[in-house]
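> Generate the whole structure from the sequences, applying the supplied hints.
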Amino acid sequence: MATKQTATEQEQTGSAERTGQRSTTVSGGGHGADEPAPTRGRTSIADLVVVKIAGMAAREIPGVHDMGGNISRTIGAVRDRVPGGRSNVGRGVKVEVGERQTAIDLDLVLEYGVAIMEVAREVRENVVDAVERFTGLEVVEVNVAVNDVHLPDEDEAASEGGRVE
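Residue numbers for the sequence shown, in my numbering: 2 to 166.
Calculated from the structure, these hints are not laboratory results.
Computed from a prediction, not measured in an experiment: that's the story for all the values here.
Be aware that a few hints might be false.
[Said to hold, decoys possible] Pairwise CB distance ranges, derived in the manner of DEER restraints:
1) G114 <-> N144: 20 to 26 Å
2) E142 <-> I117: 29 to 35 Å
3) H32 <-> K95: 44 to 50 Å
4) E112 <-> M57: 15 to 21 Å
5) L152 <-> H32: 23 to 29 Å
6) T44 <-> E119: 34 to 40 Å
7) M57 <-> G99: 20 to 26 Å
8) D130 <-> A38: 51 to 57 Å
9) E100 <-> A146: 23 to 29 Å
10) E155 <-> M118: 20 to 26 Å
11) H32 <-> M118: 46 to 52 Å
For each residue, glycine too, the CB sits at the ideal point set by N, CA and C.
The structure is reproduced here in structure tokens:
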């Protein structure tokens, strides 16, 4: 069944499609002066917001060295070395956001020696807590994929091989 969109809804949908960003309306409030102030209007949350919150929350957990697959980490390392470049907190995070719920996939690189299942559990807890607290969306699942383990000697090899003497 098709529903009629108001001009404002059509404008918001068109704007999101043009920029390539999806956003989800979290609360649809009433209209008019007779409504209480907190319920006047709508709140929408872009998918990118959920990606950034989840990425920051995952990185806060001890034992998480980096996020993303090999290619995205390589590109991120180059970006980090470019003057003025910013690191991408959303690297290694994919989300699906519905009207009231979200599902999150994380690609992690953990430090050698950490208990993988324990770190994955702590990451899930922190991500669920942060996303639900900040957005009000219900997190239905957080899938954690451990793609690599960072070895202590990898830092030494990278620092020794990077300069010509």
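> Quick check on a hinted range of 23 to 29 Å for L152 and H32, using CB atoms only.
violated, 58 Å
> Is 20 to 26 Å a correct range for the gap between the Cβ atoms of M57 and G99?
holds, 22 Å
> Against the range 20 to 26 Å, how does the distance between the Cβ atoms of E155 and M118 compare: consistent or not?
holds, 23 Å
> When you take the CB atoms of T44 and E119, is the distance between them in 34 to 40 Å?
holds, 36 Å
> Looking only at beta-carbon atoms, does the pair E100, A146 fall within the given range of 23 to 29 Å?
Distance hint for E100, A146 holds at roughly 26 Å.
> Is 15 to 21 Å respected by the C-beta to C-beta distance linking E112 and M57?
holds, 18 Å
> Is 29 to 35 Å a correct range for the gap between the Cβ atoms of E142 and I117?
violated, 18 Å
> Taking the CB of G114 and the CB of N144, does the distance hold inside 20 to 26 Å?
holds, 24 Å
> Assuming the hint says 51 to 57 Å, is it satisfied by the Cβ distance from D130 to A38 or not?
violated, 28 Å
> I want to verify a distance hint. Is the separation of the beta carbons of H32 and M118 within 46 to 52 Å?
Cβ of H32 to Cβ of M118: about 49 Å, so the range 46 to 52 Å holds.
> Could you check the hint for me, namely that H32 and K95 are 44 to 50 Å apart, CB to CB?
violated, 35 Å
The structure is inconsistent with the numbered hints 2, 3, 5, 8, although it conforms to all the rest.
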